[in-house]
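Chains as they are written, first to last, in my numbering: chain A, 1 to 287; chain B, 1 to 287; chain C, 1 to 324; chain D, 1 to 324.
Bear in mind the hints are in silico, worked out from the structure with no lab data behind them.
Computed from a predicted structure; not experimentally measured.
Heads up, some of the hints might be wrong.
Stated by the list, open to error - Lysine-lysine pairs mimicking BS3-like chemistry, simulated, CA-CA at most 30 Å apart:
id	chain 1	residue 1	chain 2	residue 2
1	D	K238	B	K237
2	C	K238	A	K86
3	C	K238	A	K98
4	B	K98	D	K238
5	A	K98	A	K86
6	A	K276	A	K264
7	A	K264	A	K98
8	B	K237	D	K120
9	B	K264	B	K24
10	C	K238	A	K276
11	A	K91	C	K238
12	D	K238	B	K86
13	B	K91	D	K238
14	A	K237	C	K42
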Amino acid sequence: MPMPEWLHVRRAKDEERNTAQWSKCPECGEMLYRRDLAANLWVCSRCNHHFRMGAYDRISGIVDGDFAEIGADVQVGDPLSWTDRKSYPAKLAGDREKSGLSEGVVCGFGQIGGFEAGLGVMDFHFRGGTMGTVVGERIALLLEEGRSRAVPCIIFTASGGARMEEGMFALMQLAKATAAVTRFVNDGNLLITVLTDPTTGGVSASFAFQADVIVAEPGAMIGFAGRRVIEQTIRQKLPDRFQTAEFLLEKGHIDMVVERRRIKEMLVHLLGYAAKGAARRLHGVRA
Amino acid sequence: MPMPEWLHVRRAKDEERNTAQWSKCPECGEMLYRRDLAANLWVCSRCNHHFRMGAYDRISGIVDGDFAEIGADVQVGDPLSWTDRKSYPAKLAGDREKSGLSEGVVCGFGQIGGFEAGLGVMDFHFRGGTMGTVVGERIALLLEEGRSRAVPCIIFTASGGARMEEGMFALMQLAKATAAVTRFVNDGNLLITVLTDPTTGGVSASFAFQADVIVAEPGAMIGFAGRRVIEQTIRQKLPDRFQTAEFLLEKGHIDMVVERRRIKEMLVHLLGYAAKGAARRLHGVRA
Amino acid sequence: MNPFADRERALFELERRIAELRTASADQPVVIASEIATLEAKYQEVLHDVYGSPTPWQKVHIARHPNRPTALEYIAAFDRFDELHGDRAYRDDQAVVGGLGLLRGRAVMAIGQQRGRDTKENLRRNFGMVAPEGYRKVQRLAHLATRFGVPMVTFVDTKGADPGIGSEERAQSEAIAQCLVAFTDATVPIVAVIIGEGGSGGALALAIADRVIMLENSTYSVASPEGCAAILWADATKAEEAASHLKLTAQDLLRFGIVDEIVPEPLGGANRDPATVVARVLDRVDAALSDLDRYASPTLLSARYEKYRRIGSSKRDSSPAGKR
Amino acid sequence: MNPFADRERALFELERRIAELRTASADQPVVIASEIATLEAKYQEVLHDVYGSPTPWQKVHIARHPNRPTALEYIAAFDRFDELHGDRAYRDDQAVVGGLGLLRGRAVMAIGQQRGRDTKENLRRNFGMVAPEGYRKVQRLAHLATRFGVPMVTFVDTKGADPGIGSEERAQSEAIAQCLVAFTDATVPIVAVIIGEGGSGGALALAIADRVIMLENSTYSVASPEGCAAILWADATKAEEAASHLKLTAQDLLRFGIVDEIVPEPLGGANRDPATVVARVLDRVDAALSDLDRYASPTLLSARYEKYRRIGSSKRDSSPAGKR
Ligand SMILES: [Zn+2]
Ligand SMILES: [Zn+2]
């Protein structure tokens, strides 16, 4: 399937927004020209800090060529008719405008190193990557479609947790995503997650940690409870390393920490192993 | 099946050996009349210390009536033609004489609280309950027969580990027992183990900890490495509680610690739950 | 803090006076009997007044009431219960209790979050906040329920999963995530009862079920009201406002199709008559299990999938590239 | 300690003199060349003398040689290797390494016990003695091999499972027992290579396999010679005697049918030419995998069952109640 027209438009729009702007590295303080930063996959050329990355930028760096998005038409709902300082629909409209995204995750199919795969990419710029019904629905659609195509799926996570404004409907998306993951993996399909900064709360406690292989980006903060909550509970400051990808690697929670510029290569390796094992994996017989 | 003639003989012989003897409780020092001790299931009436118990005494306290032994005809082998201070066959002959047992485990079938079940009981009095080819073979026969009858199996463990004099043949019994356990449980049959004092080494690291439900007797020492080995490694004395059943319960390794006089009752409960779940367990359908 | 405090004072005063009169009635039975009757009528009136239609924030407090029956009170009303312990690896987390039991003659695996009923027990049970090893115990018991072929009954009652350093170090996210898988995959019927607070993912880990029963005054929410207020407005004192926004009551969730059934409580909450509530809940669990018993395991699993697959499924937008 | 020490001295002396002569040969090439040839002939003679037919106890020392290739040297000779870490719960135990890789173009899951190659690495890797979380990593990787559908290749090299307090506290027995189950149940081909010491249950946990390959001078035993001597005679210094009793050599175990194949080593051990030994082992692993590739998973599982079911199966006694 060809890259949809709107994706070209989307990326051109990003380009425009990012031009002639400078960003300060939060790690080393270096002022970085955003066009250079984008060319370097949003990694600081001085200290290797991995900036949070837009979903479409990520996708274009991962897929070989075309990306056929699915679930983009899943409608934003307001199940609780939530209003606090602003109405929830107004908040969403603001985020759509600001981020250029229709919701917190972009899902679809493409080739990665020649291997067909499903790809879901969360984006922290939309409501902090929180999971509501649209995110849950799109993840489920991705995995259902991946299951019917019998191809591996890869999900890049970035999330502040469940979305408050959708209340229990948001919490139920953990169950929905889990249901989809379970059916997908029970058929012998492989799920790989790449945890990016930050991956916490309900996303962390569902599909992020239900994958066959769990990769993380350097320095990403990953955990169930947020630092603030833990610090309030224990009434002291946490060390900087706590809940980083490197900390989790040492504690045995994740398979590997991979620098952003090497992530596509690693995914291609993993998809390659999966392709070689497909006969025995999917049919229980000789390769 | 009726209780075999030799079992009656065996028990009469035990009775005789135990008559008119006194035993000192290693825990509280009380002198106990062995006939009373036997009547109290080999539990100290003063301090509740659980003595090591003979396999046939145990069996008679667990089965409702008859017990049909299997594997009693498995021949004692000497695969390495081992001789040190004594030949291995001579050591075995001594243990047979001393313990009245043909080998370190007695296996068979009977009813427990009205439920048919397989029952294997190890006995520390035969070569310290070490596992060689005969123990491995009998455990495998028990589980294979249990599988073909589709009944739960219960194994009481008591073992110093693998039997040195059978070298790698002894180590391979861990693999053999595991193979038998795996086939047995993969068919939906339930395995319950009761860990008695001591359960260590190869028995601990195989079927003892491969069961669905793991029960232990109070005060039983249970672990992989022996206390002596650990103390030599760390060059200090271990606390008394280390590796006791109670310690393991706290550390989450076992399901429950049950006093000897309540073990049959607990097994009957567990077999009862299993009986009620049999339809869904064995056929995946409604009960 | 307690939103009933002011109005409860009148109630307690009436209770005290009625009790006094009863004591005194030995001397002047007739006069006093009439006085008692008057006061009792008044008492019922005030009772309705105080507890009659609790706000969401009031329900949060009923759900947290120290005398509200906990998981072990429900389990104690089983015909029999044999507790099973541990995650087989690290620790027996006592914030969650579980085991095999007989409920109205049926073998079940019961699992419940257990808060303490006094300070000492609260420490031992970490206020019902489960650590990773507790969730791994739950996974093991869920697997064991399938091994035994018996249905699962869970009692949900937690502010949330334990948020301590140790829990993060031992992969709380993974432990909860795999609990969700274990319940999704279990080939036996599952009935979950929200008996107190159902706090976030830590509660959901025990609540993926074929039937979800909720007590009238229990709460079940994506975050505690305090947590929600802190997250959205950086101000935990706005919890009361958050409570009404979150739609965390049984009535809301029944309407949303997120819970299947509500079990009524006495006026003022289950703490006012625990035995009745416990019996009522076990009756409803029994009825749900009888119903679920009719289905073969593949049917159960399909229905469970469809149920969670549907919740909050948004309609599709017809515009070409979604709303952007 | 080292049973070769005395006789190795002559060998090292010859090595030194040959090296000296080679340096000097720039000046007097012809005379010295002949002298070198003589010494080299002598060297080969002494070499055979020293290492030609090692005793079991000498093999124990070859198997433990610090320069003997370790698991990572074999893995480094793969076409590619992507290490996977952790037990998903507690810690990444570096006494065991594992991951997906390409071996002669074939995707495999490689898992090996890894001792250190110097003191610092030995501390980090706990001398190749695996803790419960390491065995749980192994279980996870075995499961993952099945998930990917790729065969497993294991490299066994350990004195035994870690015997520390922490390992007992975190259920070492359970971790090993479940490793045995994971390998017994894995639906993919498994090839195990005993590359150094195969010590007890801690080694077997990685060695239930469809083909077991053993290096000529590796050892594999129910207990270390020291441990065996301590257990039987309460005297660890009798290790040499135990070594010969235990029948722990590759030749013994091939004869018993416990290992399937022996890979020859250079005289004196794999440490004298690691690259050749590594290539030879990978060739044999490749050949074994090619053979196993032909079988469907149910066939593999049946054959694996029968293999372990048969080892040490005693004949039945025909007397009515067995030997008593
Ligand atoms: Zn920087
Ligand atoms: Zn005593």
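Outcome of the hint check:
1. K238(D) <-> K237(B): Holds, at roughly 25 Å.
2. K238(C) <-> K86(A): Cα-Cα ~16 Å, so holds.
3. K238(C) <-> K98(A): Roughly 28 Å separates the two Cα atoms, so the pair holds.
4. K98(B) <-> K238(D): Measuring from Cα to Cα gives roughly 28 Å; hence the hint holds.
5. K98(A) <-> K86(A): 16 Å, holds
6. K276(A) <-> K264(A): 18 Å, holds
7. K264(A) <-> K98(A): Between K264(A) and K98(A) the Cα gap is close to 28 Å, so the pair holds against 30 Å.
8. K237(B) <-> K120(D): Given pair K237(B), K120(D) holds - Cα atoms ~27 Å apart, limit 30 Å.
9. K264(B) <-> K24(B): 26 Å, holds
10. K238(C) <-> K276(A): 56 Å, violated
11. K91(A) <-> K238(C): 20 Å, holds
12. K238(D) <-> K86(B): 16 Å, holds
13. K91(B) <-> K238(D): 20 Å, holds
14. K237(A) <-> K42(C): 54 Å, violated
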